[in-house]
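A.B. asks: Here are the chains, one letter per residue:
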Amino acid sequence: GENVEQHPSTLSVQEGDSAVIKCTYSDSASNYFPWYKQELGKRPQLIIDIRSNVGEKKDQRIAVTLNKTAKHFSLHITETQPEDSAVYFCAATPTDKLIFGTGTRLQVFP
Amino acid sequence: GAGVSQSPSNKVTEKGKDVELRCDPISGHTALYWYRQSLGQGLEFLIYFQGNSAPDKSGLPSDRFSAERTGGSVSTLTIQRTQQEDSAVYLCASSLVRGSGNTIYFGEGSWLTVV
Numbered sequence: 392g393e394n395v396e397q398h399p400s401t402l403s404v405q406e407g408d409s410a411v412i413k414c415t416y417s418d419s420a421s422n423y424f425p426w427y428k429q430e431l432g433k434r435p436q437l438i439i440d441i442r443s444n445v446g447e448k449k450d451q452r453i454a455v456t457l458n459k460t461a462k463h464f465s466l467h468i469t470e471t472q473p474e475d476s477a478v479y480f481c482a483a484t485p486t487d488k489l490i491f492g493t494g495t496r497l498q499v500f501p
Numbered sequence: 636g637a638g639v640s641q642s643p644s645n646k647v648t649e650k651g652k653d654v655e656l657r658c659d660p661i662s663g664h665t666a667l668y669w670y671r672q673s674l675g676q677g678l679e680f681l682i683y684f685q686g687n688s689a690p691d692k693s694g695l696p697s698d699r700f701s702a703e704r705t706g707g708s709v710s711t712l713t714i715q716r717t718q719q720e721d722s723a724v725y726l727c728a729s730s731l732v733r734g735s736g737n738t739i740y741f742g743e744g745s746w747l748t749v750v
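Here the protein sequences line up with chains R and L, keeping their order. Residues 392 to 501 (the working numbering) are what the first sequence spells out, left to right. Residues 636 to 750 (the working numbering) are what the second sequence spells out, left to right.
You may find that some hints are simply not true.
As the list claims (entries may be wrong) - The list that follows gives simulated cross-link-like pairs (lysine-lysine, PhoX-like), each with its CA atoms no further than 25 Å apart:
1) L:K692 / R:K459
2) R:K488 / R:K459
3) L:K692 / R:K488
4) L:K650 / L:K692
Read the hints as simulated data drawn from the structure, not as lab findings.
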């Protein structure tokens, strides 16, 4: 089955700096890669996703890149703000069942 | 409803007791998932339902855990003879149709504490 690894587990940045979170997956059949943001005590919510026929996708300050050959994908947040502080989860799936990474706790300091 | 609804939101139970957690998915969503999140940890897949197909139970940690989905809508996750290590947030999620690439929407979770 699919296995997803995520790094780093914690990330601290100054407001305005960029943040990058990286994930690798094991199943070459995986074709859908979403990213979820979970604020403290809240439910995880989808922030961006990418499909295997696309190499990069942007949505304002957030972008995701995918390298299918290397089986890794990354989340990039530019011009970080304190409200970006949360736990971020990557996920991958070749079928219907999303397998999540272990999460990255991002702290943005003013 | 507007979103995935879970109950109870919080449950404290004594070790050895059975608990039932309920999930009401978004109306019209045919796929339903249960995940477990221990304190400060990731999202651990438990079980997946899709329509009338046999559920994918590959993530259930032991035979004390079971789940059912009646009428293709509401689901109940049952934990028998609870143990302290069962303490976690149990998150239910649903998605519109089967197939990779469909957004899944999470409920607020049921916080279970076994004392």
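A.B. asks: Evaluate each hint against the coordinates.
C.D. replies: Taking the hints in turn, this is what the structure says about them:
1. L:K692 / R:K459: violated, 29 Å
2. R:K488 / R:K459: Distance of about 19 Å is within 25 Å: holds.
3. L:K692 / R:K488: Distance ~11 Å between K692 of chain L and K488 of chain R Cα, so the pair holds.
4. L:K650 / L:K692: Between K650 of chain L and K692 of chain L the Cα gap is close to 24 Å, so the pair holds against 25 Å.
Violated hint for the displayed structure: number 1, the only one.
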